[in-house]
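J.: So the chains spell out like this:
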Amino acid sequence: MEKTQIEELVAKYNEGVADPKEIKWIEQLIESGEIDLTQLRELSGLDEQIQKMEVLSPSLNLDDRFYAALANEEKQIKKGTSFSMPSLSFLLPRLAMAAALILSGFGVGYFLQSPAQKSEVSELSQEVNDLKEMMMLSLLEKESATQRLKAVSLTSEMSQASEKVTNALFVALNQDDNVNVRLAALEALKPYVGKSSVRMKLIESIEAQYSPLVQIALAELMVSIHEKKSVNALRQLLENESMPKEVKTKISESIDVLI
Amino acid sequence: MEALSDNALMMKVKEDDLGKMSLLFDRYKRPLYGFFYGLNKEQELSEDLVQNTFLRILKYRHLFHGEGDFRAWMFHIARNVNNDHHRKKRVKATEDLDNWQERIGHHENQSNEMQHNEEHNMLSMAMDRLPEDKREVLLLSKFEEKKYSEIGEVLGCTEGAVKVKVFRALQELKVIYKQLEKSH
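Quick mapping for you: the protein sequence lines, in order, are chains A and B.
Counting from 1, position 172 in the first sequence corresponds to residue 154 in the numbering used here; the numbering is continuous, with no gaps.
Counting from 1, position 183 in the second sequence corresponds to residue 186 in the numbering used here; the numbering is continuous, with no gaps.
Treat the hints as calculated values from the structure; they're not laboratory data.
Errors might be hidden in some of the hints.
[Unchecked claim] Pairs of lysine-lysine residues, derived as DSSO-like cross-links and limited to a Cα-Cα distance of at most 30 angstroms, are as follows:
hint: 1; chain 1: B; residue 1: K181; chain 2: A; residue 2: K(-6)
hint: 2; chain 1: B; residue 1: K150; chain 2: A; residue 2: K(-6)
hint: 3; chain 1: A; residue 1: K3; chain 2: B; residue 2: K177
hint: 4; chain 1: A; residue 1: K61; chain 2: B; residue 2: K15
hint: 5; chain 1: B; residue 1: K62; chain 2: A; residue 2: K3
hint: 6; chain 1: B; residue 1: K149; chain 2: A; residue 2: K3
hint: 7; chain 1: A; residue 1: K61; chain 2: B; residue 2: K44
hint: 8; chain 1: A; residue 1: K34; chain 2: B; residue 2: K181
hint: 9; chain 1: B; residue 1: K44; chain 2: B; residue 2: K177
hint: 10; chain 1: A; residue 1: K6; chain 2: B; residue 2: K23
hint: 11; chain 1: B; residue 1: K23; chain 2: A; residue 2: K60
hint: 12; chain 1: B; residue 1: K150; chain 2: B; residue 2: K177
hint: 13; chain 1: B; residue 1: K177; chain 2: A; residue 2: K(-15)
hint: 14; chain 1: B; residue 1: K62; chain 2: A; residue 2: K132
hint: 15; chain 1: B; residue 1: K32; chain 2: A; residue 2: K60
hint: 16; chain 1: A; residue 1: K34; chain 2: B; residue 2: K177
hint: 17; chain 1: A; residue 1: K60; chain 2: B; residue 2: K62
hint: 18; chain 1: B; residue 1: K137; chain 2: A; residue 2: K(-6)
hint: 19; chain 1: A; residue 1: K6; chain 2: B; residue 2: K32
hint: 20; chain 1: B; residue 1: K185; chain 2: A; residue 2: K(-6)
hint: 21; chain 1: A; residue 1: K61; chain 2: B; residue 2: K32
hint: 22; chain 1: A; residue 1: K34; chain 2: B; residue 2: K32
hint: 23; chain 1: B; residue 1: K15; chain 2: A; residue 2: K60
hint: 24; chain 1: A; residue 1: K57; chain 2: B; residue 2: K62
hint: 25; chain 1: B; residue 1: K44; chain 2: A; residue 2: K3
hint: 26; chain 1: A; residue 1: K3; chain 2: B; residue 2: K137
hint: 27; chain 1: A; residue 1: K3; chain 2: B; residue 2: K32
hint: 28; chain 1: B; residue 1: K149; chain 2: A; residue 2: K34
hint: 29; chain 1: B; residue 1: K32; chain 2: A; residue 2: K57
hint: 30; chain 1: B; residue 1: K23; chain 2: A; residue 2: K61
hint: 31; chain 1: B; residue 1: K150; chain 2: B; residue 2: K15
hint: 32; chain 1: A; residue 1: K132; chain 2: B; residue 2: K17
hint: 33; chain 1: A; residue 1: K34; chain 2: B; residue 2: K137
hint: 34; chain 1: B; residue 1: K185; chain 2: A; residue 2: K34
hint: 35; chain 1: B; residue 1: K145; chain 2: A; residue 2: K34
hint: 36; chain 1: A; residue 1: K(-6); chain 2: B; residue 2: K145
hint: 37; chain 1: B; residue 1: K145; chain 2: A; residue 2: K6
hint: 38; chain 1: B; residue 1: K145; chain 2: A; residue 2: K3
hint: 39; chain 1: A; residue 1: K61; chain 2: B; residue 2: K17
hint: 40; chain 1: B; residue 1: K137; chain 2: A; residue 2: K6
Construct all of the structure, not just a fragment, from the sequences and the given hints.
T.: Below, the structure written as structure tokens:
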């Protein structure tokens, strides 16, 4: 539409004689930016009045409530990130007393325990281990990755992990959706690499990994235990074209060391 | 010293420097209150909704990326807070038939409040008679200082579409305003 035609249309609208069809055109021209709302006198005047309309103020009650909520939120943050440390002069005598009590307890216990008590203690520690095992296995089933990480870290507290536990760790290493859980499971399996069955499963696990972080961690582990049988599995990883260059270099280096 | 921009303040809030939130509150409590009051005509409710908007901003501060405009983001949240309130109210109204007396009382208060606060201001009365979507676009235009692209971000449409919405709302307001003039 020509400029003069638009001016005519605007003039007609301002005179209050534009028909519905012309108003539709005006809408289209407003949308395309060819007519500015300020050109429409009456509407623009109304708009100006709205802009000047007095705005009421909220009461001071709103300020009170807002600042109370803000202070509460700040407190929550502080609670989550830090805690106040008691002074050393307050702690030192108490720590010394506690240490002395524990040591004397061990000393007295060592001299007083009978063979029967010794076996009771070992039974008890076995029960604690079983309990930890049970807890670990149930936590591994949880949806939350944090819970599963907790489960994996529980194994470090066990004196000796059962086959059930190492199997569960392998499931985590090969199938968990979360890379951090996989890495933690690999870390938890390291104390058991002395067993040939664990080493074999670790080699098999190489091809189940998609994360470069886990692939590199496994390659490094293979180097540290001098597991030459892993070379083929590592070579297969290199065939993946989408693998980042840095990861390829790292794995090639591991293969070179192993050969 | 140049005052910190809204976005810079909000980025600080995002980093848990919550003290900066009070500066944003000071800047926007009044426009937000005006927006809610324009929509609901209730003082206490409007204050509640302002409070809820700021609480929601705090809660979702990690979602602010600083790419868009803070004010548009804030009014977007404010609209959601208002819609959520009315949705809950509708559910409650159908479920809770026992509080009918309270509700009638509430409407009486509302009309009294209108009479007192608006002092028969014709323009305000005309605004109150507009359908809610049209009233909302005019209020957003007022409180976002006619920044139509910003309003587009809030309403999820183009700048041109916002201008057409404002045009239609003003057209209808003009008709209501003239009717009110005639009847007075």
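J.: Look at each hint and say if it fits the structure.
T.: To see whether the hints hold, each was checked on the structure:
1. K181/B with K(-6)/A: holds, 19 angstroms
2. K150/B with K(-6)/A: Judged against 30 angstroms, a Cα distance of about 27 angstroms means the pair holds.
3. K3/A with K177/B: holds, 19 angstroms
4. K61/A with K15/B: Holds, at about 19 angstroms.
5. K62/B with K3/A: This hinted pair is violated, its Cα atoms lying about 48 angstroms apart.
6. K149/B with K3/A: Judged against 30 angstroms, a Cα distance of about 27 angstroms means the pair holds.
7. K61/A with K44/B: violated, 40 angstroms
8. K34/A with K181/B: Holds. K34/A to K181/B sits at ~19 angstroms (cutoff 30 angstroms).
9. K44/B with K177/B: Status holds; Cα separation ~21 angstroms.
10. K6/A with K23/B: Violated, at about 47 angstroms.
11. K23/B with K60/A: holds, 16 angstroms
12. K150/B with K177/B: This hinted pair holds, its Cα atoms lying about 22 angstroms apart.
13. K177/B with K(-15)/A: Holds - the C-alpha atoms of K(-15)/A and K177/B are around 27 angstroms apart, at most 30 angstroms.
14. K62/B with K132/A: The given pair, whose Cα atoms are some 27 angstroms apart, holds under the 30 angstroms limit.
15. K32/B with K60/A: holds, 26 angstroms
16. K34/A with K177/B: holds, 16 angstroms
17. K60/A with K62/B: holds, 16 angstroms
18. K137/B with K(-6)/A: The hint holds at about 25 angstroms.
19. K6/A with K32/B: violated, 38 angstroms
20. K185/B with K(-6)/A: Roughly 24 angstroms separates the two Cα atoms, so the pair holds.
21. K61/A with K32/B: holds, 28 angstroms
22. K34/A with K32/B: holds, 18 angstroms
23. K15/B with K60/A: Holds, because 16 angstroms separates the two Cα atoms, which is no more than 30 angstroms.
24. K57/A with K62/B: Satisfied, since the Cα-Cα distance of roughly 14 angstroms is no more than 30 angstroms.
25. K44/B with K3/A: Judged against 30 angstroms, a Cα distance of about 36 angstroms means the pair is violated.
26. K3/A with K137/B: Measuring from Cα to Cα gives roughly 22 angstroms; hence the hint holds.
27. K3/A with K32/B: violated, 43 angstroms
28. K149/B with K34/A: holds, 13 angstroms
29. K32/B with K57/A: holds, 23 angstroms
30. K23/B with K61/A: holds, 19 angstroms
31. K150/B with K15/B: Status holds; Cα separation ~25 angstroms.
32. K132/A with K17/B: holds, 29 angstroms
33. K34/A with K137/B: holds, 18 angstroms
34. K185/B with K34/A: holds, 23 angstroms
35. K145/B with K34/A: holds, 9 angstroms
36. K(-6)/A with K145/B: Holds, at roughly 27 angstroms.
37. K145/B with K6/A: holds, 25 angstroms
38. K145/B with K3/A: With a Cα-Cα distance of about 29 angstroms, the restraint between K145/B and K3/A holds, given a limit of 30 angstroms.
39. K61/A with K17/B: holds, 17 angstroms
40. K137/B with K6/A: With a Cα-Cα distance of about 18 angstroms, the restraint between K137/B and K6/A holds, given a limit of 30 angstroms.
Of the numbered hints listed earlier, those contradicted by the structure are 5, 7, 10, 19, 25 and 27.
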